[in-house]
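Colleague: We have chain A; now place chain B onto it with these hints.
Protein sequences appear in the order of chains A and B.
Quick note on the numbering used here: the first sequence kicks off at 1 and runs consecutively.
Quick note on the numbering used here: the second sequence kicks off at 1 and runs consecutively.
To be clear, the hints were calculated from the coordinates, so they are not data collected in a lab.
Since the model is a prediction, treat every value here as computed from it, not as a measurement.
Ideal placement from N, C-alpha and C gives every residue a C-beta, glycine not left out.
Heads up, a few of these hints could be off.
Derived CB-CB ranges, DEER-like [stated by the list, open to error]:
| # | chain 1 | residue 1 | chain 2 | residue 2 | range |
| --- | --- | --- | --- | --- | --- |
| 1 | B | 98 | A | 274 | 51 to 61 Å |
| 2 | A | 270 | B | 40 | 35 to 45 Å |
| 3 | A | 219 | B | 70 | 32 to 42 Å |
| 4 | B | 43 | A | 192 | 21 to 31 Å |
| 5 | A | 401 | B | 68 | 54 to 64 Å |
| 6 | B | 68 | A | 270 | 53 to 63 Å |
| 7 | B | 54 | A | 274 | 43 to 53 Å |
| 8 | B | 36 | A | 270 | 21 to 31 Å |
| 9 | B | 70 | A | 400 | 47 to 57 Å |
| 10 | A | 198 | B | 40 | 12 to 22 Å |
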Amino acid sequence: MDYGLQAWMLMSASLVLLMTTPGLALFYGGMSRSKSVLNMMMMSFSAVGVIGIVYVLWGWSMSYGSEDVALLFNNPFETFGLNGVEGAGYLSVGFQLTFAVITAALISGAVADRLKFSAWLLFIPLWVTLSYFPLAHMVWGGGFLSGVQNGLADLVFSGDGGAAVAPIDYAGGTVVHINAGVAGLVLAILLGRRLGFGKEPIRPHSLPLTMIGAGLLWFGWFGFNVGSWVPGDLTGDEAGAYWLAESSLVWLNTTVATCAAMMGWLLVEKIRDGKATSLGAASGVVAGLVAITPACGALSPVGSIILGAVAGAVCALAVGLKYKLGYDDSLDVVGVHLVGGLVGTVGIGFLAVSGGLFYGGGIRQLVVQVLVALFAVLWSAVATLVVGLAVKAILGLRVAEEDEVEGIDFADHGESAYDMSGTTGSTSRRPSVLTESTATKEGANA
Amino acid sequence: MKLVTAVIKPHKWEDVREALETFGVAGMTVSEVSGYGRQKGHTEVYRGAEYDIALVPKIRLEIVVEDADTDDVVEIIVKTAQTGRIGDGKVWVQPVDSVVRVRTGDRDEAAL
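Looking at chain A on its own, in the form it has when it is part of the complex (with noise of 0.2 Å):
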């Protein structure tokens, strides 16, 4: 591989890091209460900490080796603690550590304001060893969930005569978003709602710090998509001339995808609620990344902005769901990504330039896509529900009600987000109508 791509590489790994700290950690952390944004961030910052260091012991030997086990994971200990790894080899250890990371991350809009930290940071390196290391080997690393001889495709299709038709997820619609939002699900359901929920107002406190995180979220996804590439054999200028195309036509499926699922959202709600939101935009973006994952090396640009538009829609009308069914997915994990992974996942099966549908290809792809997802959502539930209860049964999974009505951010941080008296210590804040008394009348009545 040439230095110039390996230099690219190093960049991308840098930007899914920049993903979760700090754009996940704003993201959520706006939509959080006052009391409990500390804690938010703190779910994702402590993901980093834990799954970047449980990745390097055991987590590459799992997902990548060749001491493969029923097609469902490697050798943990082939290349424990990286034993046998070295030089470039690092390179991918790296870019992939930082997927494992916020997929874990992710998790944690599901579980605000009410999981111990605690029981957080024994669930997040349990989860990924159950769930994600083994998926990640299903897809990425030759497993049953990739194209080889006797995986999911290979047994539906041997029989049929036709050609072998692989699994396509290019950056991680099944092993991310599926796995995180499934996740979501049950770990959801297994801690309960949180107290007043549907019935008091439980708004996001700061939603300009939300467009923030969305912002350098999709940013960041530019390390994730773009990064994604595989030179297989080629090397020098082959390998750069392949990159190039395929780097610039996945650059730009990201883009426009996430365009259109940002109006594709905004256009639900003003068609709904009367007005178009800014947390409206900042979930489009979102679901629209999630979405295009999977699916942006198989599609073509107007594919893309067709995808991104129905997973803007579909995910703006799915977040209503946990209301409707009484799970309290409180930043809506399942809703945007569970929803628009799926979207995705399965919409290369119309939309694949190559094999899709609507492009000629008959139904083997889109056959292959629904159950490879369906197989991810099963594999992520059983996972996610033995790790849950078991660190259920070891140390509980949520704080005292007093502590959930007080603010989880004091209760297991002892810290508060915010000084609101103004009258503490000599650097008081003066209150902010003052300030604005200098400003033009226009500015005050903005």
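Modeller: This is chain B only, laid out in the frame that chain A set:
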């Protein structure tokens, strides 16, 4: 002397202050408050979920005035803060027994 307390819409505060200053009111206490009246707050929609927000942000002015000025001050506040729409606020007047200026010890009207 009277204490005039007014709860008004935040974007009207600057107009009210200017009008009162022109009239000759020398000072006031201003605070950001929240509350509700007959309109019972408003609704906000987040990701399609509609919430009734009971408390609406308002500005509270507290002004101590001489008895003779009371009606004028109340009228200026009402006239300036009025938009005619729901949520314009309230003004009320209470008697004040005494006032002391902390710096000089001046009492009552001399302290205003």
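Colleague: For every hint, state whether the structure bears it out.
Modeller: So, going through the hints one by one against the coordinates:
1. B:98 to A:274: 51 to 61 Å: 53 Å, holds
2. A:270 to B:40: 35 to 45 Å: Because 26 Å falls outside the window, the suggested range is violated.
3. A:219 to B:70: 32 to 42 Å: Once the Cβ atoms are compared, 59 Å apart, the range 32 to 42 Å for residue 70 (chain B) and residue 219 (chain A) is violated.
4. B:43 to A:192: 21 to 31 Å: Cβ of residue 43 (chain B) to Cβ of residue 192 (chain A): about 27 Å, so the range 21 to 31 Å holds.
5. A:401 to B:68: 54 to 64 Å: About 57 Å separates the Cβ atoms of residue 401 (chain A) and residue 68 (chain B), which means 54 to 64 Å holds.
6. B:68 to A:270: 53 to 63 Å: Holds: the Cβ-Cβ distance is about 55 Å, inside 53 to 63 Å.
7. B:54 to A:274: 43 to 53 Å: 21 Å, violated
8. B:36 to A:270: 21 to 31 Å: The hint (21 to 31 Å, Cβ to Cβ) holds, given that residue 36 (chain B) and residue 270 (chain A) are roughly 28 Å apart.
9. B:70 to A:400: 47 to 57 Å: 53 Å, holds
10. A:198 to B:40: 12 to 22 Å: Cβ of residue 198 (chain A) to Cβ of residue 40 (chain B): about 20 Å, so the range 12 to 22 Å holds.
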